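Each protein sequence line maps, in turn, to chains A and B.
According to the working numbering, the first sequence is numbered sequentially starting from -16.
According to the working numbering, the second sequence is numbered sequentially starting from 17.
Honestly, I wouldn't trust all of these hints.
[Said to hold, decoys possible] Footprint (simulated), chain A over chain B, 3 or more residues, beta carbon under 8 Å: (1) 32 to 41; (2) 95 to 104; (3) 115 to 128.
[Claimed, not checked] Here are a few chain B residues that sit away from chain A, every Cβ distance over 10 Å (derived from the structure): (4) ASN69; (5) LEU194; (6) PHE205; (7) ARG240.
[As the list claims (entries may be wrong)] Cβ-to-Cβ under 7 Å is the rule here; a few derived chain A residues that face chain B: (8) ASP134; (9) ARG166; (10) VAL189; (11) ARG191.
Since the hints were made in silico from the structure, they are not lab data.
Since we're looking at a predicted model, the values are computed, not measured.
Even glycine gets a Cβ: it sits at the ideal position worked out from N, Cα and C.
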Amino acid sequence: MKPPGAFDHRLPEWMRSIRFRYTLMYSAVLFGLGALVVGGLYLILSRSLRGEPNPSTLCRYGTCMDVFTVNQFRELVHTRTLEKLRMYSFDALAVLFVASLGVGWVIAGRVLAPIGRITAVAREIQATDLSRRIKLYGPDDELKQLADTFDAMLARLDAAFAAQQQFVADASHELRNPLAIIRTNVDVALADPRADPEDLRNAFSVVRRASDRMARLVDDMLALARRQAPEVHNEPVDLGVVVAEASEEFVAPAETRGIVLDRAIAPGVTVIGDRDALKRAVANLLENAVRLAPAGSRVRLALGSEKGMAWVAVSDEGPGIRPEDQPKVFDRFWRADKARSRADGGTGLGLAIVKEIAESHGGEVQLQSRVGVGSTFAIWLPVAAPAAGPPVRVGPPGARALASPSAPAPERLQRPDDFSRP
Amino acid sequence: MRVLVVEDETDLADAVARGLRREGYAVDVAYDGDDALDKAAVNAYDVVCLDLNLPGTDGIEVVRQLRTAGDARPVPRVLMLTARDRPVDRVTGLDEGADDYLVKPFDFDELKARVRALLRRDAGRSGALLRVGDLDLDTARHQALRGGRALPLTPKEFALLRYFMSRPGQVLSQEDLLEHVWDEHADPFTNTVRVTVMTLRRKLADAGDDQPIETVVGRGYRLREGS
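Pulled out of the complex, with its shape left as it was, chain B reads as follows:
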């Protein structure tokens, strides 16, 4: 799950990014609206945490442009962060296409919960728990279980499994995984994706009888549905 944090207060942007990274998200940071639009044009973000009051291109304009980008890529979910608490400010943002908002100063746990909620909207689920076959993922508590046994996953492996479990049955290419699970600092020419998938698969196999993540030769990986 890839997140873009757009915030001109660098101290705030960096803290949010640090906190979200620890949750296993791949997080990029933009300090102004133009930078945000540039990054959104290059990378496929699942969620954008967007400050409304930005120098240069302001937040409302960024939302508008994200909505009307018009290419095949799905529009990211937008969580507005705003220091203005008048309803009119939030209404404008929501009307322009933001999905949710938080008024500063916010509780970081709440920010995490709202990001999770926005990601669930994509997955078409309504709880913090994901279940595919004998796999259970508690995105709030950061726990992964296979057949009731806890899996000792690193944050990256957890993020990878979460992405697989939000798209069960879909073939996901290495590029897809790199784009949604790793941030912009990942080197696309390393085999980091392959290595992480490998360690994840080993841990999954250790905890159960079979291997839920299949290799689709030449195309990528797939999490078996209802295994």
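Bound conformation, chain A alone:
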């Protein structure tokens, strides 16, 4: 058996086109209609006429001749006319057929021209040049809608591709720096024949630091990439347990830095999601807070739920984030203080990962910060099922942290409702 379409390929291209099929259909329909009309007329006319009249023969003076009555004569004329009509009709139908082929070809061409344009542009667009658009002009019809849909898709692809390229550029930049540190230190140490053990030890510790930084970067980048992959474990997760576990890791580091870690974790808040990812999100927020908060200050961690949304809030009494920087904090590789953050081991990806995790769980992250007062980061997540018990009400501690004399009244900041709700 021939595969479908095999026959098609033996036809020349123009015969395989929609334009050709459209033309054929158009002329067939036109021809059929024409034939119907003409045939119908002919039938009606021929019915209304009787057959050819029989003349009576009249013989006189030795000659005979056919004699028609006037009526008969009229009928005879009709019959002849009918025959002519039939003949001309066939001619007219033939002409109509040929003409319809031409007209159909032209009309089909005009109707299909936008598709040709869409195809041409789409063919020209390379993966690296997604900036082109079809920009089809004309009435807001189906083809315009098709072209606009294409354009919208291209715009999304363009944005995604640009973001991806930016990420690759940023990532290579971030990886090249520690690589350069390692290579240069090794080169310089190796090239020195008189290097003493102390010099070598210094070089080794620099290499160690740089490779630690690279390891953290790679971890974080993989975490980001994994969040974007489709396969994610979805299971009911007790957020209270996750938050408690995440915070355990920071009790000791906080103590070393003289930071008090307050925890207010409401029980029984369950969300659907990836347990490890959620733990990582909370850990990232805590890590930032513990790393940046001044010694002797307080870091507050709280979990609660409200109106179908669970929230985890981490607030610190750190330096705060300037209003103009606040939209940027969740960008990848953004750092408030590049040199310092790097020295502290920040990769610039922590908050981007938090955002990615929150959004992939159908939630979002929010930030409230005042320079010199502190910052509160909150993750909002949809809860798994309607809370069975009475609604848990724990004010996020960040609210209190921010309630300095210059801040708005504490009750205004009492709940994370204060953030615009997702």
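Since chain A is already given, all that's left is putting chain B on it; use the hints.
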């Protein structure tokens, strides 16, 4: 030859500086753009190794300001160090006035070679070998010869001879030498320049018949051309 290393990765900046110092350059380090501009305003650098991505004033802006400083002092040669490998990043830097670039991570030997190449551009020569009279200097191999005999020079003496040989016939004052051969940690009130010139001259005299470095009374020293 005096070099400024501008790099916000302190571990990288320090290693580059250490390596270049061992080559006999006088090396200062700046960890951000503003510090770099301050140092360039005070000291006469021959080469600036400049990271493009700096906190505060970024590398491109530093190049621009170095170019347009507009005082009598010659503009230093700029070697860009960049972690971005897209052509557009390098083009911007070169267009703004950088002389060369290296993409991180770089080979340190290559960095040294490029610094030497930039210094040769000033001297108007095209090889790693300098020759003045019967003096030969191989800046790549770090060898100095007089009449074919190797001179046992310390790195500082080597750097000093290199500076003399890149400016033969010119009178160089003690201040010139201090500025281009010593880094910012040198104490301008010591006689370190005089002492080093003296030891260099003694080694040169030991290896040959005459003394190629003359004293120009009241003005400084001069390496005789074609002696």
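Outcome of the hint check:
no.: 1; hint: 32 to 41; verdict: holds (count 4)
no.: 2; hint: 95 to 104; verdict: holds (count 5)
no.: 3; hint: 115 to 128; verdict: holds (count 8)
no.: 4; hint: ASN69; verdict: violated, 7 Å
no.: 5; hint: LEU194; verdict: holds, 26 Å
no.: 6; hint: PHE205; verdict: holds, 30 Å
no.: 7; hint: ARG240; verdict: holds, 34 Å
no.: 8; hint: ASP134; verdict: violated, 26 Å
no.: 9; hint: ARG166; verdict: holds, 4 Å
no.: 10; hint: VAL189; verdict: holds, 5 Å
no.: 11; hint: ARG191; verdict: violated, 11 Å
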